[in-house]
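Visitor: Listed below are the residues making up each chain.
Protein chains: 4
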Amino acid sequence: MHQLDFTLSAGPVMATPRTLAAMGEPIVYHYDPEFLERFRRVEKKAAQVFQTKNDVFLMQGEAILALESVARSMVTEGMHVLNLAQGVFGKGMGYWLTEFGATLHEIEVPYNEAVSPESVALYLKGHPEVEMISMVHSETPSGTITNCKEIGKIARKHGALTLVDAVSSIGGLEFKTDAWNMDVVVTGAQKCLGGPAGIGMVAVSDRAWSHILANPRAPRDSYLSIIDWKTKWRDEGRFPFTPSVSDIYGVESVLDQVLEEGLEKSIRRHARSAEVTRVGAVAMGLKLWAASIDISANCLTTIALPDSVNDVEMRTHIRTRYGVMLSSGQGAGNLLRIAHMGPSASGMYPIVGLAAVGRGLIDKGIRGIDLGAGIDAAMAELARNGGTS
Amino acid sequence: MHQLDFTLSAGPVMATPRTLAAMGEPIVYHYDPEFLERFRRVEKKAAQVFQTKNDVFLMQGEAILALESVARSMVTEGMHVLNLAQGVFGKGMGYWLTEFGATLHEIEVPYNEAVSPESVALYLKGHPEVEMISMVHSETPSGTITNCKEIGKIARKHGALTLVDAVSSIGGLEFKTDAWNMDVVVTGAQKCLGGPAGIGMVAVSDRAWSHILANPRAPRDSYLSIIDWKTKWRDEGRFPFTPSVSDIYGVESVLDQVLEEGLEKSIRRHARSAEVTRVGAVAMGLKLWAASIDISANCLTTIALPDSVNDVEMRTHIRTRYGVMLSSGQGAGNLLRIAHMGPSASGMYPIVGLAAVGRGLIDKGIRGIDLGAGIDAAMAELARNGGTS
Amino acid sequence: MHQLDFTLSAGPVMATPRTLAAMGEPIVYHYDPEFLERFRRVEKKAAQVFQTKNDVFLMQGEAILALESVARSMVTEGMHVLNLAQGVFGKGMGYWLTEFGATLHEIEVPYNEAVSPESVALYLKGHPEVEMISMVHSETPSGTITNCKEIGKIARKHGALTLVDAVSSIGGLEFKTDAWNMDVVVTGAQKCLGGPAGIGMVAVSDRAWSHILANPRAPRDSYLSIIDWKTKWRDEGRFPFTPSVSDIYGVESVLDQVLEEGLEKSIRRHARSAEVTRVGAVAMGLKLWAASIDISANCLTTIALPDSVNDVEMRTHIRTRYGVMLSSGQGAGNLLRIAHMGPSASGMYPIVGLAAVGRGLIDKGIRGIDLGAGIDAAMAELARNGGTS
Amino acid sequence: MHQLDFTLSAGPVMATPRTLAAMGEPIVYHYDPEFLERFRRVEKKAAQVFQTKNDVFLMQGEAILALESVARSMVTEGMHVLNLAQGVFGKGMGYWLTEFGATLHEIEVPYNEAVSPESVALYLKGHPEVEMISMVHSETPSGTITNCKEIGKIARKHGALTLVDAVSSIGGLEFKTDAWNMDVVVTGAQKCLGGPAGIGMVAVSDRAWSHILANPRAPRDSYLSIIDWKTKWRDEGRFPFTPSVSDIYGVESVLDQVLEEGLEKSIRRHARSAEVTRVGAVAMGLKLWAASIDISANCLTTIALPDSVNDVEMRTHIRTRYGVMLSSGQGAGNLLRIAHMGPSASGMYPIVGLAAVGRGLIDKGIRGIDLGAGIDAAMAELARNGGTS
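Sequence order for the protein chains is A, B, U and C.
FYI, the numbering for the first sequence is 0 to 388, going by numbering that gives the first Met the number 0.
FYI, the numbering for the second sequence is 0 to 388, going by numbering that gives the first Met the number 0.
FYI, the numbering for the third sequence is 0 to 388, going by numbering that gives the first Met the number 0.
FYI, the numbering for the fourth sequence is 0 to 388, going by numbering that gives the first Met the number 0.
Isolated chain A (complex conformation) (with noise of 0.2 Å):
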């Protein structure tokens, strides 16, 4: 097995040496004068690229912990919500969200489509028993988005929460928490801002908490309770457990970065890989997974592959050859997933992710493949976009 050289798949993602130097710095005890200023400032920092003025917290697990966290705490019983389902996450919170007590509703489109606004706001209009919408910004396995600008509109003139998954677009892709009204949402470090895995973000409104509070069933006294993280940290300055040091300093040392390229900077470096690389993908014969480029989510090109091979068995081979992991589809289809998050939304890792792409396909016997037609335009493109710099 050839060793890993780039690591290009789907998060957690390849970290840039300054965050991996943060992951190393010294761990110090939770209550040292120091790390309290730091965790404060990290929540003020996140707040910032959440683009909310709304409090944000840090939960001590991966982004799911934070998902399941916010979606007990919401549900109340028999709580009627609607569930956009346009991918495996979606779906899921669909299930979440029935066992947790809710009367779900369910938009439902295949795994390569979006769930339009329109078809949000009709079905609002038959049934006004709908008090919270859900929906996942960025579906990571299948690499489509949701307008939750427009969504955000029509459920706030309905009078809906809105809880939103945003694990893998916040810092990559455009997302405004506040000026979108967004009630909840759930971000991760380790998707476009290139962090550590293990905290999971979230911002939440007043309307929200307002919510959560008055919720007998959301969790207390457990590792699941962000009331805990209200109530004894925020308002008394008490950690309900050890929080994870060294993921903190990871995760401030990413918003760092995120903060000092500029938010907007980062979002359109990210776009101009997901260009570069859609470009080359087509020049090169391959077909893209998502049904149209506006849904096409810029953290990641997803590739549909043709049935003769298996995505698994494909990312295998090209990550065993050549050193290059990518991501498979993950339940959500038989493709293969080139991320452009954080430091590999950069340059000519694209270029690395299509040759690889591309001849491990050629390996496996697939014809049509025209490599070098595929990487010419593709570096034409980077020429013509400024290097993505």
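If you're looking for bench data, these hints aren't it; they were derived computationally from the structure.
Treat the hints with care, since some could be wrong.
As the list claims (entries may be wrong) - Here are the simulated lysine to aspartate or glutamate pairs, DMTMM-like style, with alpha carbons at most 20 Å apart:
#1 C:Lys363 x B:Asp220
#2 B:Lys264 x C:Asp4
#3 C:Lys90 x C:Glu112
#4 A:Lys43 x A:Glu263
#5 C:Lys90 x U:Glu42
On the provided structure of chain A, position chains B, U and C as indicated by the hints.
Guide: Positioned in the frame of chain A, the structure of chains B, U and C alone reads:
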């Protein structure tokens, strides 16, 4: 404020440069073949440190996540559980057990004492309905230990399962999972192992697994679920969610370090550091908190403070003026804690802790502290025991 | 300017995370017993990589310090030295030898050719007075190699000492100090070993030592003195001055890495990366600088540039727009260098270099570059040779 | 042997985690545009710490390389140089000056005393031919300082150039290059700056440059040449050879740290640590080596040992049993040195050093050591001076 020079707190503790280097290793995709292999390797190394043949699971959050998970998984509706409460964590477990549905039995003693095996045997004789005993091996806030070895024998004889919080002991204090009949044992990496805080390790016996898998109340499809780790990861090789890649690196590193040193040698090192500190503290005129040496945990020395000073205030003063971070009583009492955990259970670190505590008390006007005599005695003890090497 | 993503320059080169971690290890006192042991260990490991039983010395500066030191130490007043000049460094050595007192003999060839063993044999036949032959194994600025193996035989037969600059070859190209009769050999860590620049390593044969110790002009009591290292350090255990502690860590790490990989395997890896690059370059329509494959050094591929573009300008353009750092001709000619040294002699790094060079030339209006054909051919070669693993 | 816990030696010294992180930053090509900018930035920051408007050069080797370089560059044939010899390094400089061609004048005093400005003035009065005065600001092996400020005035009045070894003082002791008329000044990073050993920094006045450039004996085209750095690097932007990239990172980091702290504050911190140590040593019954406090260098405390023990043996014993690395006398006398350099000039590090020395002597049967009284007094002094913060 003086900069932080010494982290002698009761976890997280100072990490070795080697541990920190591991934390800063490149972040990779969790399905990278080398990471998959590494994850399994860490489980095996952890089992060695637990001294068990049982499966060990790496839960992705602070040890309290693992404790909550196993408590929820073990408690069936109305199950009779005997909880031993000799400190803050033992007491807290009682609240949880009740909340999770147990019928609680409790033996409680003052927090500077320990529940004796005899009292457990006596209680069980009168309560044949007890199905599980829960205990805390090392009560970190107060520095006492429970005689798990003897209680394990009693439990086995009675036919009761055991649920043990060994968070702050494994790696530094003697603990034999299998030989002592410990069914469910939880530890963390940020105490005697000197690692990151974000991983809770759990050893589960076959008897306990039978019980858990049959328990309809055990968490499933949840961040709290240890069952998910068994059925998805152990049985099928799929992670229930993205693990904290960097923390796994850190945990492997500290396990390697303790295994290379030798578990016995590490335990002796912790014992010697504790001895040096106790000898010095007594000679200095300080009062040890624990009622006797026998029940003193060697992973930290707890010093009872005079009423005229407050533990948090003292902790802050010592940190601010001398750059030494200690722990306060965390609800267990008015006491200061000098930890001997991992790297701080070594050489002259206890001297630094003692000098800081002694001088801090003198600064606050406490009389009767003979700082010089304390350091003199501690250094003599250190010289005698060979520099704890 | 695009950020730096790829360092494919001809030394210093990109270092592995493991090497960087070693560089960041705690700095200790040079007389710490563990450091003393480590220093001696590094000398021994270096000797393994030199493939020698001779003593190896770690001089505390870039390899050029070691070259100056041994040249000054070897040259006696009026000594007849035959210098082989086939590149910038060979030519420079000639100037030094003269300045240091030698009577210079020189065989010079154009910088894209190599001095043949035959011409050396012929020269010596006509010049029995030659006492030493100096040569450069791998001419880094122009990418050619000298046939040290054959010339070593000729030298031994003639009775001449050999002085060899193997700075950019050891670790990545075949070089057998003892088997080839190489008396004084210098290498650096920042080339095929992928380490720090601050250490020059020197292997000295007994014959050479006899010569040096008898040479009144050899530097003594000086930073330039290799004699000091022998008499003070080797013989008495005293450092002549404080060594660069961190660099020693880095050098040990890269020696460990190459020895763990296996020297043969590393050499093959460098050869394969060079082959992939040459195949791709030719298919792309680029012109290789070296006159033939036989004399091409596998540690870098040199590409002759058309007259209409300038090497430094191209290097800057590629770095600025694509974040790829290559090397220019450094006085050897109008050429670009894609290095295959240490970690960059691996997998798809050559592809990145080729794509950047090809596109850079297209950007500057150069015609006849078929970028796609080049990458296609290079990837096919990479697939063929097993991903260079 | 106990592991190394504390490096309190007289350089290299313990480095901060921030410094170590800098040492571990990715190695880049020395002509990378970001590195070129960084190199120039480091020169400017170094000039700030030298408190000079003169050019500062970063020579690529331990400070002794820079000292040799400037001594060779300054000494013209037969030049009359007054050398002040009050320690090992001053004495050594005299040998070098003679070897390099100077007519040596020397004022020598015992190594626990200092050459007085008065004696220099007197000597110059009698020797108008003296063209340069060479001196060592801080004699690291014996812990004494020279009054460079007053001697600088005297030199200027006399019209003599000054050549100053400030290797172990700059950053931690007051030293004003321009205000004190210091023409050529050398420092290292591995002493009061707490950095790597591989860089010597040199400040050269215009007067000195005129002298050097006119000196035919000054090294040129050599690793020893500071002229090369001026003509190639400063004037033309070409490195004379590959610089030690990682060491430059480390040096920038330590310069940043001292400039962020503030030079004045750093100097005060070193002074306080020395004061704490001296107070403690005296109270413990130890004998300070330096003849008086006025001439004691604040970067280390030198303790005279009784004849019955040997300095190297004591150093080894303390390191082996207690994990504390101190320095021995290095030829200056039978003494132990507890350094206060960079990070070790802080808080309780002096306490560790004192306790280790005191106990080590007791272990060896030395009588009259009152360890407790020493630590008591040192902690009282530390409390008084605010924890050296």
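Visitor: Output the numbers, in ascending order, of every earlier hint that fails for this structure.
Guide: 1, 5
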